[in-house]
Amino acid sequence: GDSVTQMEGPVTLSEEAFLTINCTYTATGYPSLFWYVQYPGEGLQLLLKATKADDKGSNKGFEATYRKETTSFHLEKGSVQVSDSAVYFCALSERSGGYQKVTFGTGTKLQVIP
Amino acid sequence: EAQVTQNPRYLITVTGKKLTVTCSQNMNHEYMSWYRQDPGLGLRQIYYSMNVEVTDKGDVPEGYKVSRKEKRNFPLILESPSPNQTSLYFCASSRGPTDYGYTFGSGTRLTVV
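These protein sequences, in sequence, are chains G and B. Residue numbers 33 to 146, in our numbering, belong to the letters of the first sequence in order. Residue numbers 5 to 117, in our numbering, belong to the letters of the second sequence in order.
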């Protein structure tokens, strides 16, 4: 079945550092890929998405590129802020029979220190 | 404001006492889903619904029921809660298959003692 693997956290960075959170996936077809962010005490929010190979999703300074050859969708940001501290989830979405099957990674906690 | 509303936010109950967690969305989304979030396990799907009166099991459906009588509402029912259902629950909705991400509710933290 489908699966999503994220790097273990927590990831601790100083403000203005470069961020990479790795995400790789296995899927039977051609999934859409997503990054969600969860701030403390809140639900998940869609951060960015890419629906086909080589697409780049971007939002709020975060970027991720759909790499079919390496089955990866790594999240990057050039300069993190304290307000980026949250848990980040990689996910894929694929048609399975007649419905939408969404598979989430286990999440990576990011801590940004001033 | 487009949103998914869950109630209650926090709930402490005793083993065996039936409870319902409500979920409502105002975006006219067809797809709705319930997830539970547990440390180290990420999010696991409990049930989902593709449209009114169409529901099906996710990965961890045991001990839960759902219904979809109206497009906007998708309640989660625990007929006889047990301590292993202590978790953080999220309702989510989506406009359509695959290419659209989910909009999540704020979560319901359930403790069963």
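Treat the hints with caution; some may be incorrect.
Think about it this way: if two alpha-carbon atoms lie no more than 27 angstroms apart in a straight line, the pair counts; the simulated BS3-like pairs of lysine-lysine are [what the hints assert, rightly or not]:
#, chain 1, residue 1, chain 2, residue 2
1, B, Lys61, G, Lys133
2, B, Lys73, B, Lys21
3, B, Lys73, G, Lys133
Computed far set for chain G versus chain B, every beta-carbon distance over 10 angstroms [as the list claims (entries may be wrong)]:
#, residue
4, Glu48
5, Thr56
6, Thr60
7, Glu74
8, Thr83
9, Lys92
10, Glu95
11, Glu108
12, Gln132
The following label-pair restraints were derived from C-beta to C-beta distances [stated by the list, open to error]:
#, chain 1, residue 1, chain 2, residue 2, range
13, G, Ser128, B, Asn88, 24 to 34 angstroms
14, G, Thr58, B, Asp103, 17 to 27 angstroms
15, G, Glu40, B, Ser71, 51 to 61 angstroms
16, B, Glu57, G, Glu47, 42 to 52 angstroms
17, B, Asn32, G, Ser35, 25 to 35 angstroms
18, G, Ser35, B, Thr115, 27 to 37 angstroms
19, B, Thr24, G, Thr103, 33 to 43 angstroms
20, B, Glu66, G, Asp87, 32 to 42 angstroms
21, B, Asn32, G, Lys92, 24 to 34 angstroms
Hint data in this document are derived by calculation from the structure and do not stem from the laboratory. It should be emphasised that the depicted structure is a prediction, and the values quoted were computed from it without experimental measurement. By construction, the Cβ of each residue, glycine as well, lies at the ideal position given by its N, Cα and C atoms.
Verification of the hints:
Restraint check: the Cα-Cα separation between B/Lys61 and G/Lys133 comes to about 11 angstroms, which is no more than 27 angstroms; the hinted pair holds. Among the hinted pairs, B/Lys73 with B/Lys21 is consistent with the structure: their alpha-carbon atoms are about 23 angstroms apart, no more than 27 angstroms. Taking the CA atoms of B/Lys73 and G/Lys133, the gap is near 22 angstroms; set against the 27 angstroms cutoff, the hint holds. With a minimum CB-CB distance of about 29 angstroms to chain B, G/Glu48 clears the 10 angstroms threshold, and the non-interface call stands.
Annotated as non-interface, G/Thr56 keeps its C-beta farther than 10 angstroms from every C-beta of chain B; the closest such distance is 15 angstroms. Non-interface call for G/Thr60 relative to chain B: holds, since the shortest CB-CB distance, roughly 13 angstroms, exceeds 10 angstroms. Consistency note on G/Glu74: stated as away from chain B, yet its beta-carbon is not over 10 angstroms from all of that chain's, at 6 angstroms minimum. A beta-carbon of chain B comes within 10 angstroms of the beta-carbon of G/Thr83; the shortest separation is about 5 angstroms.
For G/Lys92, the requirement that its beta carbon stay farther than 10 angstroms from each beta carbon of chain B is met, with the minimum near 15 angstroms. Residue placement check: G/Glu95 keeps its beta carbon more than 10 angstroms from all beta carbons of chain B (closest about 16 angstroms). Distance to chain B confirms G/Glu108 as a non-interface residue, since its nearest Cβ pair spans about 19 angstroms, more than 10 angstroms. For G/Gln132, the shortest C-beta to C-beta distance to chain B comes to about 4 angstroms, within the 10 angstroms cut-off, and the non-interface label is violated.
Hint check: G/Ser128 to B/Asn88, Cβ distance near 27 angstroms, so the stated range 24 to 34 angstroms holds. Range check, G/Thr58 to B/Asp103: about 20 angstroms between beta-carbon atoms, so the 17 to 27 angstroms window is met. In this structure, G/Glu40 and B/Ser71 break the distance hint of 51 to 61 angstroms, their C-beta atoms being roughly 38 angstroms apart. Checked against the given bound of 42 to 52 angstroms, the beta carbons of B/Glu57 and G/Glu47, roughly 51 angstroms apart, stay inside it.
For B/Asn32 and G/Ser35, the Cβ-Cβ distance of about 32 angstroms falls inside the hinted range of 25 to 35 angstroms, so the restraint holds. Between G/Ser35 and B/Thr115 the Cβ separation comes to about 30 angstroms, which falls inside the hinted range of 27 to 37 angstroms. Distance hint check: the CB atoms of B/Thr24 and G/Thr103 are about 40 angstroms apart, consistent with the given range 33 to 43 angstroms. Separated by about 37 angstroms at the C-beta atoms, B/Glu66 and G/Asp87 satisfy the suggested range of 32 to 42 angstroms.
For the pair B/Asn32 and G/Lys92, the supplied restraint of 24 to 34 angstroms holds, since their beta-carbon distance comes to about 27 angstroms.
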